[in-house]
Amino acid sequence: MARVAPFTATPQVRGGVGSRARLALVDALLAEQEVRPCAVLTLRWLARHAGIERGLCAVVESETGRLVGLTGLGLSLASVDAFSLDLNDRMHPLVVTLAASEPVAFSGAVPGSEAGQGMRQPVDTPLGSDPFYAVPLGGPGESGDIGPGLLLVDAVDSAAEEDIRWAAEVLGVRLQSLWFRRSQVDERRYKREQSWLFGVINAVTDPILLTDSEGRILVANAGAEMLLTADDQKSEGRRRAVALNNMLFSASIFTSSSGGGPTRHELLLVDPTEGQDLLFEVMSTPVKIRAGETGTVSVLRNVTDLRRATDEIEEQYRKLRFAEAETRAERDRLDLILNSALDPILVTDPSGNIVLMNPPAERMFTVAPGDKIAEAERRVRANDAVFTSFVSGLYASQSLRWRGELSLIEPRSGATVPVEAISGKVLSKHGEDTAVVTILHDLTEAVEKQRLYEQVKRHSEELREKVREATAELAEQNELLRRQAFQLEQASAAKSQFLANVSHELRTPLNAIIGYTHLLLEGVSGELSRPQSEKLGRLESNARHLLSVINDLLDLARIESGKMPVQLERVVLQELIHEVMTEVEALIDGTRLTVTRHISDEVPEIHTDRQKVKQIVLNLLSNALKFTPQGSVSIRLDYEPEKEWISVSVADTGIGISEENQKTIFEAFQQADSSYARRQGGTGLGLTICRRLASILDGQITLISRLGEGSTFTLVLPRQPRET
Amino acid sequence: MSEPAETPQAPLVLVVDDVAHGREIFAEYLEFRGFRVATAADGLEALDKAFELLPDVILMDLSLPGLDGWEATRRLKSDERTKTIPIIALTAHALASAHDKAKAAGCDSVVTKPCIPRDLETEVRRQLAARSERS
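As they're listed, the protein sequences go chains A and B. To convert, note that position 102 of the first sequence is 86 in my numbering; the numbers rise steadily by one, no gaps. Just add 2 to wherever you are in the second sequence, counting from 1, and you've got my numbering.
There could be a bad hint or two in this list.
Derived DSS-like pairs (lysine-lysine); straight-line CA-CA distance at most 30 Å [as the list claims (entries may be wrong)]:
id	chain 1	residue 1	chain 2	residue 2
1	B	K103	A	K479
2	B	K105	A	K598
3	B	K79	A	K598
4	A	K433	A	K450
5	A	K479	B	K105
6	A	K547	B	K51
Source of the hints: derived by calculation from the structure; they are not laboratory data.
Construct the entire structure; sequences and hints are all you get.
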């Protein structure tokens, strides 16, 4: 594009516009307070008085540093708005023009054509390809070296040039005047609004911050300052908390600002004053803070309490759910119990309506499908009536429990079912009746049992009566026996007395016989002939035998009448046996028997009646010596510690005793071989007395014997008799 | 004996028995054996003789007519003059109760009849020895 010939700087007044028209424009401009209408008025005035058809008014926008379209004439609005030129492009023809004082003529942009030789690119304006003039607006621009704007008008003849320059001058001055005023107004408003704004953001208790792209804080309200700023006067703790908060906050801004739109995230900070953790919900919104730089507005909402409350609500909810589950489980358990109870259980409300039943109760109080409906219903109604009347009795009474026996009807079979009903009131906290729980227990079996019991009882009574009769009879018999026993006892006592008397009456004459015989044998009445002595010797021997028979009889009588006294003392059996052996020495000497002793050292002292034990041992030993024609006799003394028994055995190799005779040998006047025994001088009472004496001492005498081979008699005694 | 005997006399035995042959047997045998003997046939006589003669030993039959042997023994044992004289009871009662009764009355020992005279002499000598030991 070729640059058109420059305007001559000197205005050439060429008739045309009179001073009146110019005055009208000035008036109109002065009357107008707004920038754009001033530009419009000027372009219209030029169209009328300078003949331009298309024009554009562009002004410098100091905030952005650009020349932008303000209004146009004969141009589309879009093209005007689209016009924008960077003032930093100092080599641009229009920017150069802006700094000039004279209009510059331009050839229009030719689409598709290349730039001319050494020439700049053609200037692209809304005026298109037509040549135009660029006229600087009057007055110095804000920045000083450039003017406030440009008027671009299509090419006109030079006659109009003067008017165009004039109008540009006037418009420039006017616009600058308007801008100056506006800037003053704006400044005031800006300050006022700024203070409002700060008031507003400070009034918001939530911390609010504006940060630049590097996270530096540009604006902070009071709440934010409390958290994020600290001067040197503050405590070390607070400074540290603030430093930590800043780090945390910056980190969170960087991580959250990756997306383009507003973000929301949680941030944990420290309360610099109190030291406790504070949880914030941060809403960050990116904002443009200056050309090419995006900052972030962050609003922090303290949700610490909210979170705590939320947690608490969640906990409450969880507990509620748990309690609900518990309750359900409890109810399930209760249902299970109720349903598994075999006895009918019913719950009734205070009006007597059944509100809950278990299956056994349902069988009695509801009609089941398949029942004969009419009959079953009638029976169920009857049951209902019986039951309701029973329960109403409890409601009417003061007591908490109620027991009764009811007669129900099994709805299906029609069988009468006796039941025991036990009801209990369920009371509310305030003691009002809320329900009655009733358990019915089938008494059919119990009734049957009762019947059987009665029957058994009757039989038992009969039996008892019979037993009583038998007992009475027995008592009678007992009485009879007792009387007989008493008579027997008396008879026995009489017998003993008789024996004692007989003994006394026998002893007196026997005393004379023995005494005189002795006197004669001793030679008191002079010397005796040999045959006389022999005969007197036999007399004495027989008298002595008679005496021993009498003594034995008396012993027996005493034992049988229970008059044998027992004198217990410490007895050393070893000594006792020695004594007995000494006493029978003479007897032994008269035999050719081998007599041996086996005395155990282990035998302890015993507690017994010495005289009686001696009598027994003496008797046994004498018997052994008497009834053993040849061979040996041995006496043993042993002790059995476990049973605390002492045994004295006398064994011989004598004539022995047949099995048959062993049974009777201990009975009175029984001797195995009477003739032999008599020859030996026995009374036939010795073993009888021995066994009785042993029995008195809680002992016993046993016998082991074989005819022709010998006998062993053993006396067994306890260390201590049972009763002393 | 501590006191020297001027005329060494045999011990005196008083035999008390209501039965004549009883008295005769023991008296004759004891005399034969070297004792001096006096006799009494009942309780009262026994007391008279005892107080009069102050015998060394008394053989006392218990079943006596009138004042019996037990009572006679009690009286003798309660009298200063006679209480140290040993009394041997003679009885045909062999029951222990009779023995106990005799001991309770004050008899020093009991001999059951019938008894061989030699055995009785042994008992008399035993009692005499016991008495001399006591004095």
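Check the structure against each numbered hint from earlier and tell me which ones fail, lowest number first. Violated hints: 3, 6; rest satisfied.
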